[in-house]
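Taking the hints as your guide, dock the two standalone chains into a single complex.
For the record, the sequence lines run as chains A and B.
The letter at position 210 of the first sequence is residue 190 when you use the working numbering, and the numbering goes up by one with no holes.
The letter at position 171 of the second sequence is residue 179 when you use the working numbering, and the numbering goes up by one with no holes.
Among these hints, one or two may not hold up.
Computed beta-carbon distance windows for the label pairs [what the hints assert, rightly or not]: (1) B:F61 x A:T271: 56 to 64 Å; (2) B:V164 x A:T12: 13 to 21 Å; (3) A:E506 x B:K14: 14 to 22 Å; (4) A:T271 x B:K14: 29 to 37 Å; (5) A:R6 x B:A98: 35 to 43 Å; (6) A:A433 x B:I156: 55 to 63 Å; (7) A:N138 x B:V129: 18 to 26 Å.
Treat the hints as calculated values from the structure; they're not laboratory data.
As the structure is a computational prediction, the values presented were derived from the model and not from experiment.
Here a beta-carbon is modelled for each residue, glycine too, at the ideal position from N, C-alpha and C.
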Amino acid sequence: MASHSEARAHEHEAWFLDNGKRPGLRGFLTSTNHKRIGMLYLVAVLTFFGVAVILGVLMRIQMLSPDSKFVSGQTYNVLFTVHGIMMIFMVVIPGIPTIFGNFFLPILIGGRDMSFPRLNLFSFYLYLAGAAVVLVSLALGTGPVDTGWTFYVPYSLNSTVNAPMAVFGVFLLGMSSILTGINIVTTTHQMRAPGMTFFRMPLSVWGLYSTAWVQILATPVIGITLLLIILERVFGIGVFDSTKGGDPLLYQHLFWIYSHPAVYIMILPSMGIISDLFPVFSRKNIFGYKTIAFSSLAIASVGSLVWGHHMFVSGQSDTASVLFSLLTFLVAVPSAIKVFNWIATMYKGSVKVDPPFLYALGFIALFSIGGLTGLILGALSTDVYTHDTYFVVGHFHYIIFGGMGFGLFAALHYWFPKMFGKTYDYKFATVSFFVLFVGFNLFYMTLLILGWAGMPRRYYSYLPKYTDLQVIATVGSWILVVGLGMMFGNLIYAFFKGKKAEANPWGGATLEWQIPSPPSAENFEEIPIITQGPYVFTKRKTDAEKEKKE
Amino acid sequence: MEEREKTVGSRIGMWLFLLSEILIFGGLFLLYAVYRAKHPVDFHNASLDLSRFDGTLNTAILLTSSLTAVLAIYSLQELNKPKRTILFLAITIACGLAFLVVKAFEWGAKFEHGLYPRAAVLLAKPPGEILYFGLYFTMTGLHALHVIIGMCLLGVMIGYVRRGKASHEHTPVLENVGLYWHLVDIIWIFLFPLFYLIS
Chain A
-19 MASHSEARAH EHEAWFLDNG KRPGLRGFLT STNHKRIGML YLVAVLTFFG VAVILGVLMR
41 IQMLSPDSKF VSGQTYNVLF TVHGIMMIFM VVIPGIPTIF GNFFLPILIG GRDMSFPRLN
101 LFSFYLYLAG AAVVLVSLAL GTGPVDTGWT FYVPYSLNST VNAPMAVFGV FLLGMSSILT
161 GINIVTTTHQ MRAPGMTFFR MPLSVWGLYS TAWVQILATP VIGITLLLII LERVFGIGVF
221 DSTKGGDPLL YQHLFWIYSH PAVYIMILPS MGIISDLFPV FSRKNIFGYK TIAFSSLAIA
281 SVGSLVWGHH MFVSGQSDTA SVLFSLLTFL VAVPSAIKVF NWIATMYKGS VKVDPPFLYA
341 LGFIALFSIG GLTGLILGAL STDVYTHDTY FVVGHFHYII FGGMGFGLFA ALHYWFPKMF
401 GKTYDYKFAT VSFFVLFVGF NLFYMTLLIL GWAGMPRRYY SYLPKYTDLQ VIATVGSWIL
461 VVGLGMMFGN LIYAFFKGKK AEANPWGGAT LEWQIPSPPS AENFEEIPII TQGPYVFTKR
521 KTDAEKEKKE
Chain B
9 MEEREKTVGS RIGMWLFLLS EILIFGGLFL LYAVYRAKHP VDFHNASLDL SRFDGTLNTA
69 ILLTSSLTAV LAIYSLQELN KPKRTILFLA ITIACGLAFL VVKAFEWGAK FEHGLYPRAA
129 VLLAKPPGEI LYFGLYFTMT GLHALHVIIG MCLLGVMIGY VRRGKASHEH TPVLENVGLY
189 WHLVDIIWIF LFPLFYLIS
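So here's chain B without its partners, still in its complex pose (with noise of 0.2 Å):
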């Protein structure tokens, strides 16, 4: 019974947790509206200067590192196969590094081409692509920090798992970093079409 309220207590916890963390986006997603809106011919020129094969690579990492960790859950809560549950959370973390990776990459392009903000050839374009770009790498630089930090909790729940402080029996603390993976993915599902795909 105890046990029993304590996990639902973490749950509710931890979804009101994720709505902060919307909302903290949700500030975001307003300016990208009121600025789209505004100059919605700048926002599409500057979004031909993304990468949409490396937006779509990136999609794709993620998408499948969410798949890794409901595995990796699944793993320890049905089968309580712990050794399956750290390769999949290895798996999770390792798709994480591919993604800043290939963000990297892509950040270095932009900032070779003097696409941020400060630089001349930037800030000679019209106002609408300055704004896309100031949007561009806040939007992105805050979700990367997510990943970072979800990366981080999810090398956690590895000792979790070895020392046996999440196990079978015992899973919320493990629902909870996976959930919290699941909003670094979902914020980007909703980043990915803004940014690159709408034009």
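For reference, chain A alone in the conformation it holds in the complex (with noise of 0.2 Å):
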């Protein structure tokens, strides 16, 4: 089979090649291809970062003193509220299944396309104009939204900011995320080749799948509450608004209804992506290939049932309080069974550490710190004493930036050499990775000391005592900074300077590695038929070793 699509390889034509109707950008731009389409979102979602990074390190500047005037308090409420607006729900929420999932999902699972392609083209325009619109609404208007990414009320309603125009586009990105799960679940259940049971799906396509469900089921509830944000901010409803009988404390539910669960959205299919990494640098079939299918599935549901534990403190009953935390420690249990299944893996393998397993190694390392200082949190006394200071932020920062940030790293070296058949440096990506590394944890390690201190999130200034750590974490950020420059500045003088990449690099036993490098618009020459899991690795070699027997 393999050297059948090595012949093939000179006819196929790469999927970024213009042979369609309309050439060049414009083709690019209308294309219903998963392909196309999943690099549309890969820039849209990186440029988005890239924007969200600088607004961060502002923030990091205005904090080297305590009486920096680098920033009004007023720009600084603004600086976190977009920081956290675009990398929540333009970088983090859509960034792998829209990046990773229509790119590659139809290509794991041996389909051409998506089920709804024109769908999928449609999603993405939306999510541009919510984008947009956000972005939009910070010129426009009575100024920037200042709200926090939380939208709380009463705040949000009594503050006089453009925040009904912003609400609005998180409302248009939210609506473009449930489109993209309608479409994967569909695709997973449709277009598998023969062959291809549930339990013959590359992890990835279990990570991507959950995900997908959660997409569906939570994020209406967001949708509605943010309407109802707009109602009571042009038209005073009332639901939310004391003055008038409502209740702020049900905004809190409504929003951790979803947003909650969002967490799951973010960081699950990252853990697919990982778990299909660990079995192809090991060598070895993935330990427990079940429980880590279903360990998603049992996150992506007790995980929807955990929302309270943003609500500690917020006044909800002490009922509710123990039963969320308990949930909250229920939930930890599926992640770990994830991490230790990753870990067995590796057990008498053949470990290689090329630059995609060295992502995902720092991801089980920073997702372990971000999931124990979870518990600190999920427990109702020493939340008491953490919750609003830079510990809460600190923890976030490592599921999040740890977890998804260095599983879309990883997931964006493992599959670069596919996507556009060239070869990256490895040795300037393991240099990028260890200054990633390292400035990551001066960074946010001395938040979570700093928040541990007592230092209170979202405050421009603070005690004089805070100083030296503070300007440590602003040295850390830099040298974040810097790690994600070389990093990206390796990939993309890659893009136009790299080597031609083989088909099989990295020696995968999944489908994407069976075709060649780019794949072709089609996928597929002809639909494969399945016989086995996708960790089968006694038989199949990379092309360099294969060359040397030869």
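Pasting the structure below:
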């Protein structure tokens, strides 16, 4: 089979070459091919990521000294709000499902495209429209939104800033997310190749599939909550307004009913991809395939019932707090199952630490720190002490940046040769990983310590005793940004000047590695017939190894 | 085979979409449940201000429109009579329009009596009644928006049947629009007792 596809490589045309009715950029922007849409998302998401990183750095510069006048207090409020909105709703939530889900889901299950290609393109433009509305809202009306990314009432109702428009933008982003979810669930059910049973799917597909369900079931709730904010601001309907009998706490409930599951929308696809990487770089079947697959579903379902742990100090009943705390500890179990299974996969494997795997190992380290600090926040008594401090900020960035972010970087380094048919400099990628990793820990570990020492979040100034740690954190953030620059620089250089990549540089056994790099518009010459699981390595070798033998 | 798979696929996609639509209203039903439990007497008093006649009339109109939507699909799928399908689709749209007209009169009456958000008359009332009307306008308003979207989709379907894009052999899109219209209907079936009947 492998030699067949190599022979065909000559006649095959890469997916990004012009062969359609509309050439050039226009062909890209109007194509319904899943790989081109994935590429559009890649550019858009990484652009917003870059902007949001810059906003974060500006905040850190403000924190260099207690009486810094770099930005005003009001500007600082806007900075952390827009940083949050952009990162959460434009980068982290859509990130992996829209980029790699679109690009690789059909290939991984042996299909030619997503179930609804036109809906797919529509959801991309809905995403762009949502992002545009949010960004334009900053320049229009009564001033940029300063409510924090959570839009908590009563502040978002009393504040005069242009929150309704920003909220509407987030609403559009949510609709786009629902449509992507519908597409992924249907594709997983409908487009699998013959013989591709659910338990022969790569675990990255399980990750995307579980995520898509959460997207469909949870996102509508925040949709309506955001609409209610707009209606409240424009018409004063009263449902969250305590002067009219409304209950502001209900807003928090509705918000977190979505926004906690959203954390799993962020992390589950990443976990799926990590589950794909461990077998490949250990050259050994995954340990506990089914437990990993079902733990994704368990996280998706139990994770929908823990939202109250964001509200321990909000005045909800003690019974509710105890139950939510218990459920929060429960949801740690399936996450831990995954981590132990990944580590067990390496046991007695033939481990090769190539750049993608390095990022996967970084994921485990950072995600574990994030998860364990999460237990401190999930316990009722310690949460009272640490809530609304830098400890929460540190924990969240360990989970989301260390988890989802490093998962995204791992996926980028893993699939880059496949997507563009170019190979990047491994040594430089390794060095930039370590710069990134050191900067990351210097920055966010310091935030954890600062939080434990009592530094509240969202303040633009602080007591002089925190100065040293604040400076260390800011220096850490600079190293982090240098690491990011090196990593993306390396990949962008490879995109233009990289050497040609082989079809299967890592020796992967999943379907994407059985077709040429880069894949053609149609993915497969013939739809493959699947006879075995995704991690059977015994008979497969990388191209280089094959050449040696011959 | 391919064709059948696509039909099944589009059906799965549509049901998932309907699920998300139900959850959008789910958030509002949750608010309704909480506030009703908190202010049972106020909710009772406020519901007396609504016209049960208008509500019942609108329920009858929407139920009829669901029937005609089914008949439209049946005429194409089983009887292969596109002209009859177009007729039934037109009747369905007309029912939607009638619903909106009745709704407009109802809302107009509320505005006349000062029963709308931020009106002095309403704000003088106890908190439960303010919330009741806040929810009433939000939920029936969002529902009316769905009626309008549904009517537009039905209109597009008339064009589809005319140009043969939806035909005896190929009805999935028409069926999906039918499903959407039934969703619009069934949401009203829940709104009607919650606002008009329970007191």
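Taking the hints in turn, this is what the structure says about them:
no.	hint	verdict
1	B:F61 x A:T271: 56 to 64 Å	holds, 60 Å
2	B:V164 x A:T12: 13 to 21 Å	holds, 20 Å
3	A:E506 x B:K14: 14 to 22 Å	holds, 20 Å
4	A:T271 x B:K14: 29 to 37 Å	holds, 35 Å
5	A:R6 x B:A98: 35 to 43 Å	holds, 39 Å
6	A:A433 x B:I156: 55 to 63 Å	holds, 56 Å
7	A:N138 x B:V129: 18 to 26 Å	holds, 24 Å
Going through the hint list in order, the structure satisfies each hint without exception.
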